[in-house]
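Residue numbers (numbering that gives the first Met the number 0), protein chains in the order written: chain A, 0 to 291; chain B, 0 to 567; chain C, 0 to 309.
Zero decoy hints are in this set.
Here chain C is said to cover these stretches of chain A; the calculated rule only asks that three of the stretch's residues, wherever they fall, bring their Cβ under 8 Å from a Cβ of chain C: (1) 213-225; (2) 241-255.
27 Å max Cα-Cα, derived DSSO-like pairs, lysine-lysine: (3) B:K48 / C:K267; (4) B:K362 / B:K314; (5) C:K267 / B:K411.
Simulated from the structure, these hints should not be mistaken for laboratory data.
Backbone N, C-alpha and C define an ideal beta-carbon position, used for all residues, glycine too.
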Amino acid sequence: MYTPGVFDRRALQRFKRNKPALVGAVIVGVVLMVALFGPLVAPHDPNEMHFGPSALSALGKPQGPSADFPLGTDAAGRCVLSRLLYGARVSLAVGVFATAMAVGIGLLIGLVAGYFRKRTDSLLMGFTDMVLAFPFLLLVITVASMRESSGLVDVFIVLGITGWTTMARVIRGKVLSIREMEYVQAARAVGAGDARILGRHVLPNVIGPTIVLGSIGIANFILSEAVLSYLGLGVPPPHASWGAMLYEGQSLYTLAPRLILIPGLAIVITVSGFNLLGEGLRDAFDPKDKRG
Amino acid sequence: MARRALALLLVLAGCRGKELAKGPAWVGAGAQTPTRGGTLHFSVVDGIKSLDPAIAYDEFSIYALHYVGDTLIGYGATMSADPVQLIPQLATNVPTPERREVTDPEGKPAPVYAYVFHLRDGITYYDPSPPPGLEKVRPIEPAHFKYAIERCLDPDTSSPAQGFFEAIAGAPEMIAGKTKQAWGLQVTGPRELTILLYKPDPTLLYKLAMKFAMPIEPAVVEKYGLDGLTAHAVSSGPFYVKSYDRDVRITFARNPAYWDKDTVYLDGIDMQLMVERQVGFMKFRARETEVIDRMTVQDLLAIGEEPAWQPYLIKDQTIDVYGERFDVTMKPFDDKRVRQAFNYAINRDHLAQLGYGTMLPAKGPLPPGMPGYNPNLRGYAYDPDKAKALLTEAGYGDGFAMDYYITGPDEKVEKIALSVQADMARVGVRLKIKRLTFPVHLAARMAQGKVPFGLDSWVQDFPDPSNFLEFLFHSKYRAPVNSVNSSQYSNPEVDKLLDEAAIELDPDQRLAKYQLAEQMIVDDAPWVFEYHSVRVEARQPWVMDYKMHPVWIRDFRNVWLDLPARPR
Amino acid sequence: MKLLQFFARRLGRALITLWFVITVAFLLAYALPADPTKVLLGPHPSPQQIAKLRHQLCLDRPLTVQYGCFVGRLAKLDLGKSFNAKEPVSTIIARRVGKTAMLALAAVFLMVLIGVPLGVWAALRRNRLPDAAITTGGLIGMSTPTFFGGLLLLYIFGFQLEWFPIGYQKGRELASLVLPAFTMAITGIAAYSRMVRGEMIEVMQEDYIRTAQAKGLSRSSVILKHALRNALTPVVTMIGLDLGVLLGGAIITEYLFQWPGLGREAVKSIITLDRPLILGTVLVASAFIVIMNLLVDVMYALLDPRVRLE
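Taking the hints into account, I'd like the entire structure generated from these sequences.
Below is the structure:
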């Protein structure tokens, strides 16, 4: 029986035949490796400031690639390569945890709204619309700039509580359509309880889209973290994240363009990887689901 | 193909850097003595908020007012090594106060200190488009100064300078709205203005040199109203406003009725408004402007590291101090040893290196250029071992964790914070950096008990040690919220010295007392004084006799242009 | 359900959303910790000046009264006075909105002008080189943070080649528009090209297309008349939503290029805790989004009757 949303062997085969999806998977794999093991091969402490001539000139200008610093230093005399490697961890962590939060909230709301329909649905979707009506960035910036304390965790939370809306909508849509499926109708007719239906029929079919949205969500949250850090409202110093590296490098971009090229490319490649992976997964789960 | 693109990018990256390396492409004509003529162009990053002397308080409005307004006494233009001097301007003297017995409006005898100003003869306003019934050139009268100061005191004006003049007899009643005039401001002769104070106030003269005390005519204010003064500025200074295009540009032309016009060489000044920093630098490179300041970091580094540009770079301290302050009511900063340990542990040379040449390491609050600056002040050398010893002595041998509040987002501030964090980690103190936006930070650091250790700074209101030492370190300026004495520092001996200095009439004695107080303060270490900021400007080779003024900054009064400029 | 009922329901929802936005925005702005009197009055205000200002700003009353105060003013379209600029907020917004609208329109124009043809081309040359290049380009475009793309464009075309001014230059407004518009359009071009490509491919496989081709109509006329029209429906929807979002805040782009629009004003106001201005910009931005969403929903309902049943 064709059950869209379940990752069975045919889905796996579809995935394997999809070249861009494989590329995505490889990229994500590499990035994960870098995040996990990169710091072990970093030549310096990513937060250590160096003041000698190979790091900073007398006026404080960062120096380019050298034997000491393979990718040169940044404006605070820190090793760019080391920060890149450690930054992978932070950027990835923010992406993953924020996504986890967003998925958690979105899944919950989407399930409840889609399954119980009518008033609950109306209420919840109305609430979602209201949150959506806020220009996301403005909301995030306002909340972020109000924080009196600033920690890494706050960044996840801010992103998570503002970014769950798409998840909720999509899940709700999915649940609505699953609900109409014959076997679900049958189960209800037979008298199965809500919990059982949710657990046995709805949830397994929702996992697919959730994973897909999750992958794309990680991509988007990595971008959002970069934007927050670019405005100076993201990861607090001295943590290195790719977004923070962009923020720190922008004041010197004409003198030392590598300071933005390097973290920028890292972000583009990583986010592309997650996007490819997500789309590949979506095509694998449900090849008829065309959403542009 | 990717390789070729990359190569192209690298080539492009390289060719820009070389442009500045050859130095300025055009130079001056080569005259040895000042010549009259030419217009000086420069750009600023913001617009002008107001040309009403009672209201204008932001940097660029003050620039404009400085070109069109003189005051009774002024600040002599100097380089940073020499402290600022007060010189006669519209008055012919810099008065010293004399004791007098007078009667106040209620008939009671009042012992006062009198500052008597003699106005110069023949000083006039120049008004290019006078209101109907008035001439273009009109005399400046002593009553106009009285009126100007009373406007500041008047609660309806909402002047930021209201508090500055409250020591004048009759001022508190005016501030409270009970009277419409301050009886301590008296026109005592056709060319004479007398100001009466209950207590001598050495800072009065500095305040009178600020643009708030520029003369202004009641007829002009009545005609144009509070909002109209910007468009109808009347000049008592070396230039007058020739044209004003809001947020675009304001131009000035030499004032033909100026009392000191022989020392003014420029035909005009062209101030371009709302020009973004990078654009401003590009204009300077294209020779569209004569001077440039506030360069972005990249431009600063690019021009700062080119030997050929060195003769045309001007570096001068501004009168300010930056660093961190402790809240001495919060543990462990109630222990002087811990505060001193911080001072020994922080490497100020590192900070200066991070500053792109805009930071001068500081030992105490008073910068060079401030009267009373003490070059022999005993500060704290970089000594992490001593720091560790002091911490151990105070019982923190194992170190401790502490929040460190900085403002953000600001890339330079964060670099400094990182260096401080690293320095303190080396002696066992683990600082956690917390970033707050500026208004939040300001409110928090001025409240007692919120910010144990955080950034702080002070920029002068006028160049006198009392402006720094009293507001920041006298115990009477402590408060639970909005505490100007943000470190909540209190030392009765320092208070005593400051109180004595406040009424000391002998200038040398006075400065000596402030220096003593400053040393005590530095020893008590309520702050970590880190640096004074250095402004770095560049000028075109044909701009002559230009010095950055410590108070007015862009002072072009005596500048001349060596024209015509020609390619090298 | 009739169209009118549908419209009424949607309008009702939109108004409730707006009210919600207003309330939350108010809470956010007025719950902010800093006291504005210092910022407004300079460093040495007298107690009388402080008291007078607090009274003017309604700060000396409890929160609920302040809310009423605020809503009352809002009804008169009075958004208060900016703390920093000392001008009415509505004046500032009116002055800036035009610039943001200009930027948003230019960006959407570029998105459609470049994105749609690229999508069509990719669909026509499916699985061949142009398709691969466009699809990959699209992916990269979607994965690039806006400010990174902007910085790159600024560096290459502004700083090195000097074709366009760096940042906003009075007197060269049109030239200053190019780089920021392109920056905002990058993600849009990527998205539109992929969407159009996807839609076109799907439509081209439909039976009626093949029937038309079998009947002898030339390929290009088939494409232009049928496939494209169908492929464009989602694009039109997206334009509407995008315009709303873009007007809601081209924040990053304006910040990077110092473009004097509402987005840059918003960032400045947040960083300086200029409460009235924050409120004003958030409200205006949200209002745009809500209105655009409403319009799009209505348009969709007009075009596709099935939607009205929802």
